[in-house]
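K.L.:
Sequences and hints are given; from them, build the entire structure.
Protein chains: 2
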Amino acid sequence: MSGPEQWGDTVDRREYLAWGYLRRVIEASRGDLLELLWPGGETSQPADVVDVAERIATRDTGLPDGLLQATANRYCADPRQDAEIARRRGMRLIFPGCPEWPRRLDDSFFSLHGAGVGSDSTVRGLSTAPFSLWVEGEGRLDRLVQLSVAMVGTRAPSRYGREVAQQFATELGLAGYSVVSGGALGIDRVCHEAALDCGASSIAVLASGPDVDYPSAHGPLFRRIRQHGCTVSEYPPGVPPARHRFLTRNRLVAGLALGTVVLQAPLRSGALNTANWSEAMVKPTLAVPGPVTSAGFQGCLKYIRDNRAAMAICAGDIREQLEPLGRGAAPGEPELPFGKTALTLSETMVFDACAIGSEAHAGSVSDVQAATGLSGNLVMRTLRDLEKRGYVRREGSRWIKAPGTR
Amino acid sequence: MSGPEQWGDTVDRREYLAWGYLRRVIEASRGDLLELLWPGGETSQPADVVDVAERIATRDTGLPDGLLQATANRYCADPRQDAEIARRRGMRLIFPGCPEWPRRLDDSFFSLHGAGVGSDSTVRGLSTAPFSLWVEGEGRLDRLVQLSVAMVGTRAPSRYGREVAQQFATELGLAGYSVVSGGALGIDRVCHEAALDCGASSIAVLASGPDVDYPSAHGPLFRRIRQHGCTVSEYPPGVPPARHRFLTRNRLVAGLALGTVVLQAPLRSGALNTANWSEAMVKPTLAVPGPVTSAGFQGCLKYIRDNRAAMAICAGDIREQLEPLGRGAAPGEPELPFGKTALTLSETMVFDACAIGSEAHAGSVSDVQAATGLSGNLVMRTLRDLEKRGYVRREGSRWIKAPGTR
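Protein chains in written order, with the UniProt record's numbering: chain A, 1 to 406; chain B, 1 to 406.
No lab work stands behind these hints: they were computed from the structure. Virtual Cβ for every residue (Gly too), placed ideally from N, Cα, C. A couple of the hints might just be wrong.
Unchecked claim - Which chain B residues face chain A? A few, computed with CB under 7 Å, are given here: (1) Leu-267; (2) Val-292; (3) Ile-304; (4) Arg-305.
Said to hold, decoys possible - Straight-line C-alpha distance at most 16 Å; calculated EDC-like pairs for lysine to aspartate or glutamate: (5) Lys-401/A with Glu-359/A; (6) Lys-401/B with Glu-387/B; (7) Lys-302/A with Asp-317/B; (8) Lys-401/A with Asp-352/A; (9) Lys-302/A with Glu-320/B; (10) Lys-401/A with Asp-367/A; (11) Lys-302/B with Glu-320/A; (12) Lys-401/B with Glu-359/B; (13) Lys-401/B with Asp-385/B; (14) Lys-302/B with Asp-317/A; (15) Lys-302/A with Glu-320/A; (16) Lys-401/B with Asp-367/B.
P.N.:
The following block contains the structure:
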């Protein structure tokens, strides 16, 4: 069972099985595993995944203790079983570097950690980046998320809540958005159906294997989603849902979308957990208000009142918050002369907000956001772009102006 | 009809009649009149009001042309008639300097002009301070407004809108608040009645004389208000309401209260005009959300979404915004050493946000607000207090640090 032979014949096949093995023996994700896989940081090339998988399978005592303990019950798993199930059912495992891997996820977790949300986070649930995803469906995940909105809410919506969810999901679907949501009763379902009904795609991020239809009554819904989009999960085929997996799943809902809208949520609601992730990832986070006399809307109302969510009165409010992202400089934005090349106005703002070398407590993503007033995603995107072009560099969670660029 | 003899016998009587004469011949208020009455500025002692009234009555060509034109049709008015009606009915005319004059009105208009809202304002309606008010009722206006909240809204509320208005007005009434509102059908009425029903007082600011019951169906309501509070107006006894008087009246509703709450308002609503005044007076301005599918709430929703109003989910949200005002430094707030004396933390923040002499474009009330994050009223109150104590002085609409205080 252990040893290289189980990973198959060709290099590609061996890698695929190694990723699948890790996905099977690791519950969701782990920081110590990520450090082994990407020793140069999350944005670098991965280490030899076959080697990492083999070390776990052979109980290499050089591995972190936590990782050995976490895999003590599952390390004998045979990845060929998952591969065979996946082949028969048409599922695939994707990981950073695959063409289908959604780059936005990397950005989301990069922002998350740049904002100082780590293992000791107040955001409930695992804050570590996913190292791979199981996907089932006709839609290609990387394309589906290009214009995507997370739409979440209570499993027990009011008639008004359903009505608004349907209306907003339809309008966003017609505008070309994919809906990202869980697979639950209530708001999740209303939003998926509205998107599919108008010919748009949707993505259900599951707290079980991507092939597990939970609740079972949603089997027909998931089949429709897989025809026009996909189901996605950190869990391998056949894994049943579990309470902790829902919280952990929520970070992927927020992470895959441009921003999150809470349609209807009482004070205690998984939808607010997703909103927390969206907020921590410095993404646009919105909520729809309802009657102050309705318990079912107290979560939305509180988040709006406390400025943790912007108010979405209409689908246009959501588009206004989401669409500038990725467009970079607004059309017609003048480029400012800057050294030998040229920066746009927003690039200049972001650059100016980065720290100079000696400023020890400046240059975090939130500093840059505060100084520029730009959205979190635009700030992140601009920072990475400026980094590539040599204007700034990253030092821990700080962004520093490169020498000679001032 | 003209000449000193008409102002009566005693000095007090002559002054009273002179104020009453001005109230009768001037529609609401006028900047040129205020300049004649308070040549040293609004906060100084007034000029001889009998003299000003006589000059208008005798058509003194030295008066501003606008003032002469504005009084051309009414200058023959005999103030003894109003005084006699008022005596019989138990009304009184109050003006700055009277014990019953609400000092908060002066603060409100001081803030308004400090914030740069003048005759060319985008706030619809007259922005000039009232120079006197007619009052009818058992309640003493200055005392009623000490803890008061403007509660305004549409004349055609939904059941939900009525329900929330009643609930919030009751809770605020039980907490000791007077309700300030207009006298209209709908939200105005619901709020007045809820306050009176729980033993609180209310103030109806009318767009007609304080003795004119409009709409006439509100006669019994206005009698209750006068028993436990008062009706107030810039218009003398018997003057009928008119369209422009409603807009002009709204600034007094906002001006008399600590802050304004919009209970339910569609996109076009007089209640939003009152909210605009409240905002321009840098007072807490709140709105209650409702269903996004209801036209009747679009005004509230828009103001919340656009951060022009804070969201009031419960009466506690309103109290939280209103009650810190006037308390000055929070209990237990440490005093910081500052020169020879001591400033509280908020005083230090306000002081630090004032301009130094050479900064030509700094130190406005909104600058100080932005820099400190304190509420508008607390900023104004602190500035005035620091002015009295010699730390800062006013220069036009800017606040400057006094020399030697840095």
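K.L.:
Indicate, hint by hint, whether the structure satisfies it.
P.N.:
Here is how each hint holds up against the structure:
{"no.": "1", "hint": "Leu-267", "result": "violated (11 Å)"}
{"no.": "2", "hint": "Val-292", "result": "holds (5 Å)"}
{"no.": "3", "hint": "Ile-304", "result": "holds (6 Å)"}
{"no.": "4", "hint": "Arg-305", "result": "holds (4 Å)"}
{"no.": "5", "hint": "Lys-401/A with Glu-359/A", "result": "holds (11 Å)"}
{"no.": "6", "hint": "Lys-401/B with Glu-387/B", "result": "holds (9 Å)"}
{"no.": "7", "hint": "Lys-302/A with Asp-317/B", "result": "holds (11 Å)"}
{"no.": "8", "hint": "Lys-401/A with Asp-352/A", "result": "holds (8 Å)"}
{"no.": "9", "hint": "Lys-302/A with Glu-320/B", "result": "holds (14 Å)"}
{"no.": "10", "hint": "Lys-401/A with Asp-367/A", "result": "holds (14 Å)"}
{"no.": "11", "hint": "Lys-302/B with Glu-320/A", "result": "holds (14 Å)"}
{"no.": "12", "hint": "Lys-401/B with Glu-359/B", "result": "holds (11 Å)"}
{"no.": "13", "hint": "Lys-401/B with Asp-385/B", "result": "holds (13 Å)"}
{"no.": "14", "hint": "Lys-302/B with Asp-317/A", "result": "holds (11 Å)"}
{"no.": "15", "hint": "Lys-302/A with Glu-320/A", "result": "violated (22 Å)"}
{"no.": "16", "hint": "Lys-401/B with Asp-367/B", "result": "holds (14 Å)"}
The structure is inconsistent with the numbered hints 1, 15, although it conforms to all the rest.
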